[in-house]
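S.K.: Here the protein sequences line up with chains A and B, keeping their order.
When we follow my numbering, the leftmost residue of the first sequence carries the number 1, and every step to the right adds one.
When we follow my numbering, the leftmost residue of the second sequence carries the number 1, and every step to the right adds one.
Calculated directly from the structure, the hints in this document are not laboratory data.
Quick reminder that beta carbons are idealized off the backbone N, C-alpha and C, glycines included.
The reader is advised that the hints may include incorrect statements.
[To be verified] Straight-line C-alpha distance at most 25 angstroms; calculated DMTMM-like pairs for lysine to aspartate or glutamate:
(1) B/K297 - B/E395
(2) B/K431 - B/E238
(3) B/K134 - B/D67
(4) B/K200 - A/D31
(5) A/K130 - A/D31
(6) B/K259 - A/D165
(7) B/K134 - B/D184
(8) B/K380 - A/E12
(9) B/K200 - B/D184
(10) B/K236 - B/E395
(11) A/K77 - B/D371
(12) B/K357 - A/D53
(13) B/K200 - A/D53
(14) B/K380 - B/D560
(15) B/K357 - A/E54
(16) B/K362 - B/D339
(17) B/K380 - A/E78
(18) B/K65 - A/E123
(19) B/K380 - A/D165
(20) B/K65 - A/D31
(21) A/K90 - A/E123
(22) B/K236 - A/E12
(23) B/K262 - A/D165
(24) B/K380 - A/E123
[To be verified] If the Cβ cut is set under 10 angstroms, some of the chain B residues that face chain A in the computed set are:
(25) L99
(26) Y250
(27) K251
Residue-level listing of the chains:
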Amino acid sequence: MRHILTATVMNEPGVLAHVANMFSARGFNIDSLVVGRTEDPNFSRMTIVVSADERTLDQVRKQLAKIVTVVKVRDYKETPYVSRDLMLIKLSAAASSRSEIIELAALFRGRVVDVGMSSLMVELSGEEEKLDAFVELVRPYGIRELARTGVIAMSRGGATNAGTDEEGRTDQRPATARPAVRQPVPAKRQPSQQELEATPPG
Amino acid sequence: MSTSTSPIGAGANASAAKTTSKSNATNAIGAPPAHRTGSIVVENAAKATESIANGLPVLGRPTGKTDRFNGMTGAQILLQMLLEHGVTDAFGYPGGAILPTFDQLYEKQLNFILVRHEQGAGHMADGYARATGKPGIVIVTSGPGATNTVTPLATAYMDSIPMIVFSGQVRSYLIGNDAFQEADVTGITRPVTKRNYLVKNVRDLPRIINEAFIIATTGRPGPVLVDLPVDVTTGKIEDAVDDTPYLPGYKIYKAGHSKMVKAAADLINASERPVLYVGGGVILSQAWPHVREIARKGNIPTTTTLLGLGAFDENSPLSLHMLGMHGSAYANYAVQESDCLIAVGARFDDRVTGNLKLFAPKAKIVHVDIDPSSISKNVKVDVPVVGDACLCLEEMLGYIEPRPRSSWLSQVARWKVSFPFAYKDDTELSKPQAIIEAINKVTGGKAVFTTGVGQHQMWAAQFVRWSVPRSMITSGGLGTMGFGLPAAIGAQVGRPNELVIDIDGDASYIMTAMELATMSQYNLPVKVAILNNRFQGMVRQWQQLFYKGRFSHSEMVNPDFAAMAESFGIRGLRCHRKQDLIQCVEEMVNHPGPCVVDFLCETDENVYPMVASGKGLHEMELGIVGCAAPNSDREMGTLA
Ligand SMILES: Cc1ncc(C[n+]2csc(CCOP(=O)(O)OP(=O)(O)O)c2C)c(N)n1
Ligand SMILES: [Mg+2]
């Protein structure tokens, strides 16, 4: 499952490295990570897209919140949200195909932002899937360059920073029933018996 | 991202600050500098401004500007603030980039211990912290001085030990230029510190020092590193600065959620076969009186992890001793049979659980921990209680109902009689276990013990009868060989009038043995008992069991340890005959100064019980354990 998390972090050097490092050290997969300024110069906002099951997502949220320079963590698992990705794409555009491309861009509510002798640059924003679809459509014309920002997201409605919070409150509810045999956390990768035995003793 | 130096809007936090928290987490904004100094409750957490942001974090900050640092250099400020934070001892080694700070140490307002290797300084500070509960302080130079502290930082981080390393750094305008003895120390240490800082401006120093103490000592404690460029320690503060800690992303968990505490107690009261599983967190939060009381009141058999040893009195019939890979058979059986496992300040480490799929299959699990990320990390928890173990258990104690649980207790007692820790005393040389039993007998287990890593560490855990908190100082999470000697030195500095014994392995010991010079210079009366099996014994055991006896590079050719100690001006003894064992231990313990004893012992001895990788706790190999006790006066056989 893909999940979107946002993290408000202190705006200082090392925070990005810390977050990125934590993801790699714990074997979590980041699909994208976007950092940008907020209305307050002291804080930045990260939007992180991860592929994870529920249990891993819970750990990601908690491990993020544990970082001292991370101020607030939200995930949008149970919250309606708007997400956007921004793309600049430079296409080969001979005079003959130019109007087709412009038409396609218009259909996708994109804008042509630069025109060269044999190229066009289109700016397009929206949900990731829409951008993906556009890329596939224009691929035959020849993509010269492509840049995407990665996803940013925000909860819908009036609440500031809605979403599931970092304290893992879902954990504060006792589970009603559980299987007789303990379910281990699905491992990232199950080590083989041989590997287990090869683990240095201590 | 760039650092902003613009002033922060002060009005913006008004609405956030008004919101009272329903959660027990408290943002440590404006918390006064303080650390645990023996009292059970964390004071600074209580005093911290009770505000949690609803929505965006608190934007403004109290303007606690003070002019008390006017005219002082960074180095002067550092010394003064260390003293204000109650620091009495520090460990370290000088070098160019930290000389301004060392100049301040010349007047000896601090008891400074000059080590022989910065790794030693780190482990000493760690041992000091574990022995006293106060944060350990390290002061080292830039580049190699700082990188030498990485292993101690990682060791302290894994075991949640409060420690602060102050490292020198090249002048801030040289950073990034590959200057002499420059290293990206904050980059290198980020994964092994709870928080680290590169101080860019002397005006930030007072605030950062306050924050470092709060972060190191509160919540789940851990190491902090503060990197100090030369121009920061030599730079002067000219006018008022704000030294108020500013930690909007830091939460300190205190009391547990009342509903959860009650739910946990209900589960425990309803259980027939409960087991308390106690970890190092109980020592850190000083919750051992509550653990003991809950066990007594509810008649709950109690097992500890390696780091939890001493939290429970092992002389109690309720004690199951240590659990896990080399834990007691009865602790492991009890966990597997339990219908309610109460984990307190423990993290379900793989060395404790064995195969997770087979772990405690019949038990509902209560987990009390201050770190929310520990909960349900490895094992799904039924009742989580997030908070300081001491406060959580104090509340829980009120709900725990007295229960006889006699059939469970008699089952446990039968296991204890049938499967005591054991060994066969059938070789010409002493068995390593016999040496530890002798030390236990002579000291009554009443000493501060440190260990290296390996078989001797496990035998120390098994054969010393632990009853006093902070008496077992060992590297659990990282398993750092070479920890024992410097940790013992640090413990001795922190508890100068107590008997401190390093039970070490020959291979572990020699990794940091240069600290004998430190011991000698400060005449610290540490006792070192080397269990000399002329092998990396634990590696030998694994090679014997899993690599067809191909002992690849695990045999040690050692120096004459006694003569080596003597060359440092330290009393060195040899104990090569088993009939001299008790007498040698007595001689060691009674020697007024530092003393190293080379206890020659049997090589081919393995640690049992042993839960092989991939096996459940109940599938442990018992080895000699469970056979009739060959040596009738061993106290293990009579415990129950
Ligand atoms: C710094 C470090 N290097 C390697 C290891 C792997 N290791 C674990 S136990 C051990 C052998 C320890 O030998 P010794 O100190 O003599 O103790 P013994 O097992 O013989 O009692 C080794 C090499 C480690 N834990 N730490
Ligand atoms: Mg050895």
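S.K.: List, from low to high, the hint numbers that the structure doesn't satisfy.
M.R.: Per hint list: 2, 3, 4, 7, 8, 10, 13, 14, 18, 20, 24, 25 violated.
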